[in-house]
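Going down the list, the protein sequences come from chains A and B.
Just so we're aligned: 14 in this note's numbering is position 14 of the first sequence, and the numbers increase by one with no gaps anywhere.
In this note's numbering, each residue carries its 1-based index in the second sequence increased by 777.
Rather than coming from a laboratory, the hints here were simulated on the basis of the structure.
Each hint should be verified, as a subset may be incorrect.
[Said to hold, decoys possible] With a straight-line Cα cutoff of 27 Å, these simulated DSSO-like cross-link-like pairs (lysine-lysine) come out: (1) A/K559 x A/K246; (2) A/K348 x A/K308; (3) A/K478 x A/K559; (4) A/K147 x A/K134; (5) A/K11 x B/K935; (6) A/K246 x B/K812.
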Amino acid sequence: MSTHLVGQRVKRLEDPDLLSGRGQFVDDLNLPGMLHAAFVRSPVAHARIQNIDISEAAALPGVHIVWTARDLPANMHNRRLLLQVPNPAILHTITQEPLASKETCFVGEPIAVVVAESRHLAEDACERVNVEYKPLPVSPDCETALKPGAAVAHMEFQDNIAAQFTLGYGDVEAAFRAADHVFQDNYFQHRGTANPMEGRGVVAVFDPIFHNFTVWSATQSPFIIRRMLVDMFEVEESTIRVVAPKDVGGGFGPKGMSYPEEVVIPALARELSRPVKWIEDRREHFLTTTQERDQLWDVSIAVDNDGKIRGLRGRLAHDAGAYVPWGIITPYISTTTIAGPYVVPAFKFDTTAVFTNKPPTTPLRGAGRPQAVFAMERTLDLVAQELDIDRAEIRRRNLIPAEEMPYKMGLIFRDGAPVIYDSGDYPKCQAIAVERACYNDFPARQKEAREDGRYIGIGIANAVEGTGLGPFEGASIKIAPSGRIVLQTGAAPQGQAHHTTLAQLCAEELNVPIESVDIVTGDTNAVSLGVGTFASRIAVNAGSSVKIASRTVYGKLMKLAATVLQVREDDLEMEDGVIRITGEQGDSVTFSDLAKMMNGVPGFKLPEGIEAGLEATSYFQPSQAAYSNGCHIAEVEVDPETGLVSILRYIVAHDCGNLINPMIVDGQVQGGVAHGVGNALLEHLYYDADANPVTTTFAEYLLPTAESVPDVEILHLETPTPNNPLGVKGAGEGGTLPAAAVIAAAIEDALRPFGVRFRDAPILPHQIIEKIAVANQ
Amino acid sequence: MTDGDMHEVSLTVNGVQYDETVESRWSLADFLRHKLRLTGTHLGCEHGVCGACTVLLNGRSVRGCLTLAVQANEKSVETVEGLAPTETELNVLQQAFWENHGLQCGFCTPGILMTLTEFLRDNPDPSETEVREALSGNICRCTGYQGIVAAAMDAAEKLRNSGQ
Ligand code: FES
Ligand code: FES
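Take the sequences, apply the hints, and build the full model.
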């Protein structure tokens, strides 16, 4: 048997357990003596905390402890959570306290915590914690927050400006002066949520003998949490083990952050010497898990008569929410993404991150890019309309030609390196999407439909995405004495099938069946350093590390086998855990034999020139991001009476380099589009004028269902990146990036007879009806 | 909580008889997960919309989060743990999910399998539109549903062909 696994649609190793009810999610952990926590959360968006009375709650039978900020361990007083990604452009580096002490800055901020025999009892007690609030003026949204004299989101600041920066290149003034035309418009994409089907959750144990913490969290980033805990508890790294359970029920970005509960629960476990569990309920998820997308864009474009772009400039106001736990990564990515796959000779954007009294915003599937793509693609549609050029054609004229790769676009990315699109053929990617969609025949189809009284429309949009950012994600490979292969990585999966793809890479290198690989993910004890699963970075970083470490182990195995069998390495072949001398009846030695030998026999020397242990660890460091790209085309039908939009066809032409497992990549793209459909047509977090959330259930905040998500037709280009040994680029977010833009464009096209334009997403049925009504007046 | 709130509940789960005492406010899903330690049934919203908690009660699908444990008294419950014929095998529907990439994180999956178990029993030869309608009460945030629908169609065909 020769093992060829990479590039194959290998069935997932994860599935049999998940399909049989044997998943291991955080709430499935049940430890002896475990107690349950519930939090008292602020019911107001901005207030001074005057007084907290816990006496009634603490007296309830079954309650073990009630804590407010002042009961936290002494070293945590007046301390805030670690700012994980600092940046000099941040003017106020404010993050949450573990429990708010004097001021609460959004609805849902934790004020007190109760630990009891059961969650039911803990919640009963929470209702008996009496907090007196003195309401303060509220900063409700990023537009209002920037007005002179606006209410401030934090008492200690004079205004709401969290950060400010300008990015640019080229002579923008000259470009705008010289251009034949300048067009301007404003765009807004609303706040949405991650809403993975499993919420957050933490279980913590403190071992009083070794003074060690073990913390399980439904997280994307165990190492990020460990950093925060090391900082908060002021202890050594070696005393904190953070584990993402084998199964985490979706993440999409916000589970990559570190949260107050991840500090408070371990502190309680230490205080009580009992395991403590907290599981986020859905309402808490709506209130407290970080969100994204509120951005107000003001975009001006300078173009020539033929639609060629000369320059792009404008302003971006980004709603940071109440705190900046992840710095300004999101608005920074937005600003560096807007020029996208197009040749933009001159560029200047002023970006402001603004505090509001709402949950903090941090990267959520797409991480600031969907808004940028929306702003750019809506701008190009505007130009196309004004200059009467077809929408695919105007894009074709401006796409970066394949011959210009690698293409230095002019800006500096968040990793500090210049943005260099490493590879890709953007015009070809658009061309294959156009062909598959029968785009050029669409006007005829549209005409026919209109004659039947049906309103159909088509939209097209492109996007580029910097993926696979460093610094690294490590992996170690070891041959166990049994001969099985142990693959360990700090990277934590939430449905992306890391077990399968990483095992594919390892098994291919060592020429064993994939079932011979045992995988440990998401454990800070697995490897000594780690970052986290976000920004479509694991295939690139951990995948490359697995390949490199596997090759090293392969080299050790061969060298050792050659010594043992007393032949040259060239005379050996490796298959299925056995290394044998090539030829009919050659002698052989198994991985198990070699592993036992390398574990060392007391008193005996290892063979000359061979390092102890059949294992290797690698921390691959990509030189820079690898850029994926894609072209989306959507065809929709709109009912102008009801405002209902049905997606008739959805085409994605996508290039994420080499595919390790095409089935899994297709799943990522399809799932990404589904998220984009939500952003385009359904998901709108509403707040009232005082920043009280009014959409806190799945009945009020609608997620895409099987009836609203189309079957995506996926076409792959595979342009390998030179930036890593696998030639892969990230695939986790590309499906989401252009989705809102392309659906908005298709709706607008369908409703062309009414002459309406859409500048915001999501586009809800009542908004369609209102726009048509206004246009008809 | 007072002792008066405690009730005897006697029921079968996947054919196994259980006799337990439970508080009246406990949901069936909490009861299965935390009393019987059958953690395959998941809670995604606890307000009846996401469908992750779907189990069969006397053969009909119910929301485990909106059903009280006491309502299952004297009844039979089927959960995801009862689907596979043996520890090491999968049933036709589960196998179809594996082959058609019908899951990613797997959190929604138990509820979806139970919804489809009932649906395919009642409608062995469904159209894709009917499958999507049947799934409209189950939310999956990861997959975008394509693999789930394909798995349901595949399982329906295999079940028809095998005469099950
Ligand atoms: S948990 Fe029961 S429907 Fe969501
Ligand atoms: S597979 Fe993750 S929610 Fe469905």
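Now for the hints, and whether the structure bears them out:
{"no.": "1", "hint": "A/K559 x A/K246", "in the structure": "35 Å, violated"}
{"no.": "2", "hint": "A/K348 x A/K308", "in the structure": "17 Å, holds"}
{"no.": "3", "hint": "A/K478 x A/K559", "in the structure": "16 Å, holds"}
{"no.": "4", "hint": "A/K147 x A/K134", "in the structure": "24 Å, holds"}
{"no.": "5", "hint": "A/K11 x B/K935", "in the structure": "19 Å, holds"}
{"no.": "6", "hint": "A/K246 x B/K812", "in the structure": "23 Å, holds"}
Hint 1 from the earlier list is the only one contradicted by this structure; the remaining hints agree with it.
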